[in-house]
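Student: Each protein sequence line maps, in turn, to chains S and F. For reference, each letter of the first sequence is one residue, going 0 to 295 in numbering that gives the first Met the number 0. For reference, each letter of the second sequence is one residue, going 0 to 360 in numbering that gives the first Met the number 0.
Hints are computed from structural coordinates only; laboratory data are not their basis. Don't be surprised by glycine CBs; every beta carbon is placed ideally from N, CA and C. Treat the hints loosely; a few may be bogus.
[What the hints assert, rightly or not] Chain S regions said to be covered by chain F (calculated; three or more residues, Cβ under 8 Å): (1) 31-40; (2) 160-167; (3) 237-248.
[Stated by the list, open to error] Just some of the chain F residues that point at chain S, by a computed CB distance under 7 Å: (4) T61; (5) R347; (6) T350; (7) K357; (8) S358.
These are the residues of each chain, in order.
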Amino acid sequence: MRRLILIAVPYIWLLALFLVPFIIVLKIALSDAWLAIPPYVPTLDISAGWAGFKDFLSGLDFENFIFLTEDDLYWKAYLSSLKIAAISTLFTLLVGYPIAYGMAKAPDEWRPTLLMLVILPFWTSFLIRVYSWMGILSQEGYLNQTLMSLGLISEPLIILNTNAAVYIGIVYTYLPFMILPIYSALEKLDASLIEAAEDLGCSRLSAFWLVTIPLSKQGIIAGCFLVFIPTIGEFVIPSLLGGSQTLMIGKVLWEEFFSNRDWPVASAVAVILLLILVIPIILFQRNEQKQREANE
Amino acid sequence: MKHTLLTLTATVAIGAMAANAEEVRVYNWSDYIDEELLTKFEEETGIDLIYDVFDSNEVLETKMLAGGSGYDVVVPTGSFLARQISAGAFQKLDFSKLPNEQNMWDKIKARTANYDPGNAYSINYMWGTTGLGVNVGKVKEVLGDDAPVDSLALIFDPANMEKLASCGVHFLDAPDEMIPAALKYIGENPNSMDADVIAKAEPVLMGVRPYVQKFHSSEYINALANGDICVAFGWSGDILQARDRADEADNGVEIAYFAPKEGALMWFDQMAIPIDAPNPEGAHTFLNFIMDAENMAAASNYVYYANGNLASQEFLEEDVIGDPSIYPSAETVENLYTKDGYPPKVQRKATRMWTKIKSGT
Chain S
0 MRRLILIAVP YIWLLALFLV PFIIVLKIAL SDAWLAIPPY VPTLDISAGW AGFKDFLSGL
60 DFENFIFLTE DDLYWKAYLS SLKIAAISTL FTLLVGYPIA YGMAKAPDEW RPTLLMLVIL
120 PFWTSFLIRV YSWMGILSQE GYLNQTLMSL GLISEPLIIL NTNAAVYIGI VYTYLPFMIL
180 PIYSALEKLD ASLIEAAEDL GCSRLSAFWL VTIPLSKQGI IAGCFLVFIP TIGEFVIPSL
240 LGGSQTLMIG KVLWEEFFSN RDWPVASAVA VILLLILVIP IILFQRNEQK QREANE
Chain F
0 MKHTLLTLTA TVAIGAMAAN AEEVRVYNWS DYIDEELLTK FEEETGIDLI YDVFDSNEVL
60 ETKMLAGGSG YDVVVPTGSF LARQISAGAF QKLDFSKLPN EQNMWDKIKA RTANYDPGNA
120 YSINYMWGTT GLGVNVGKVK EVLGDDAPVD SLALIFDPAN MEKLASCGVH FLDAPDEMIP
180 AALKYIGENP NSMDADVIAK AEPVLMGVRP YVQKFHSSEY INALANGDIC VAFGWSGDIL
240 QARDRADEAD NGVEIAYFAP KEGALMWFDQ MAIPIDAPNP EGAHTFLNFI MDAENMAAAS
300 NYVYYANGNL ASQEFLEEDV IGDPSIYPSA ETVENLYTKD GYPPKVQRKA TRMWTKIKSG
360 T
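So here's chain S without its partners, still in its complex pose (with noise of 0.2 Å):
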């Protein structure tokens, strides 16, 4: 009986928090818009019954799936979200593998601090920190102000508002979900491996490609799917930071949502968006299962 519970709560979890989700946006996928509270038909009436039940499922179709094929828009924003994905997950384990290496090779009475200082950021709220980089990649901003008295440029660089700012933005905000997941496997290397391909003739930067990358592969690989699977749906800042010609299907869904009213259409969008990202899901449960059975 125990065991029936303990086997149970996972999927009650998944079927309270991703398959009811799921079924209620694809229901209103496969319904027409109309202008009405709220704005789609046919919407199910539970007092009629069965009756009513078969009704609602005659109501139901694909047309709004199709109507996605047939705009090229929809497969470009979907392309264009999985390269700026891709770019900017590259881009933070650039930036995230260094911080990583060095909090995992500083003193041990300093490495809470530094874990400290990596999740600080998340006490404040994640839109002022989208806006305060406004401040500072604008052309009044900050950096220009700074690059301008240094006299290095002599006309303010344009950022704000181009997909720079945007890669600038998605690197900033998930660092760090690319620095704990490499930093705890650092911390766990042992360093005798090191000693002992320095021994055996490795130079440092040798011992560090052949030993400590391949070691760490675990951690970057979790690091790239958390940045990755998030990034695909990003909305928030490709439409504070980017400009009118970043386009990231986030942006198209927003725009089907409210400016077109047509929730169908977006829910359709949503479904889809949802069917690439099950890829990438699918690849990182795998790897977190190998590495709990390397582990035991």
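We have chain S already, so just place chain F on it with the hints.
Tutor: Just chain F now, with coordinates in the frame of chain S:
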């Protein structure tokens, strides 16, 4: 033990008080009221006022159509109001609770009846035009002394825009505003609901697209005032607020508002009560408070928009009532046009075109 009991009683008492205190939740446009009026309302009526802001009709409409927004008073623009009324989003006003309605202006009521037949669901808050916010000094520096600052050619002629790009141009991120303006520029009917006519706006907007720094519906106030941009196509009062902020900052930036001579869009922001408002009684109290002549005048004096309240005009400051860019002369009004809401299929085409213009896809 006694101490715990005491604390417990106190907590219960506070909880009960919070439940009893009446509150009204208002959802209005950003930068759209003198905040002293909000305090005044709370002092006069004893009702707690919760005041939230938005900067696009689309956001408001989505909340209205989702239902259960929790707001008691909202402020959609006429064309959006009409659509939301037909979706059943609002309740009819109870005019027995709105004695100040007698202050309202017949001429404006005649126009708003176009969106809200008989003005049964809404009262006018402010009205204005959509036009050109110009940093006169900078634009003349770029385009010469004969720059067409009062013409749509300033923003729709690529030759002008190419030069203006160096000092910055913002457009409203609102297809419902930009498409009619582009149609007006090429001599088409700006209120057309015909998809083929609307499509003619695309090459006009595409032609100047590369020179537009940003499409945004509220940032241009500060951007104009700081001198970050030299031209914005935006809402009259917002641009006049930018003018004032620049004057206050004394930063040498001089902003002027021009309603395009080809014709400008005239719009009406209407206060209405959602069908599921938690406190319709308090909402009526708020509407009546806003329709008080002095209160309405205070709001207009602060935000530089004209209002639909005739009685308020004696309390308006001279730089508001006397400014033709706020209260246009009768002949200018002749030249203004209004726009109805797009039906869903046309709306989708317009939004899609707008996405294409903004993102190039």
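Student: Mind checking the CB of F:S358 against every CB in chain S and telling me if the closest is under 7 Å?
Tutor: Holds. Min distance 5 Å.
Student: Examine the region 160-167 of chain S for residues whose CB is less than 8 Å from any CB of chain F, and state whether their number is three or more.
Tutor: Violated - the region 160-167 of chain S has 1 residues with a Cβ nearer than 8 Å to chain F, which falls short of three.
Student: Can the hint on F:T350 be confirmed by a CB-to-CB distance to chain S that is less than 7 Å?
Tutor: It holds, given that the least Cβ distance between F:T350 and chain S is near 5 Å, below 7 Å.
Student: Can F:T61 be said to touch chain S, with a Cβ gap under 7 Å?
Tutor: holds, 5 Å
Student: Per the coverage rule (Cβ-Cβ under 8 Å, at least three residues), is the region 31-40 of chain S covered by chain F?
Tutor: holds (count 6)
Student: Once the shortest beta carbon distance from F:R347 to chain S is found, is it less than 7 Å?
Tutor: holds, 5 Å
Student: Under 8 Å between beta-carbons, do enough residues of the region 237-248 of chain S, three at least, approach chain F for the coverage claim to hold?
Tutor: holds (count 5)
Student: Checking hints one by one. Is F:K357 an interface residue toward chain S, by the C-beta closer than 7 Å rule?
Tutor: With Cβ-Cβ at 4 Å, under 7 Å, it holds.
Comparing the model with each earlier hint shows a violation of hint 2 alone; every other hint is respected.
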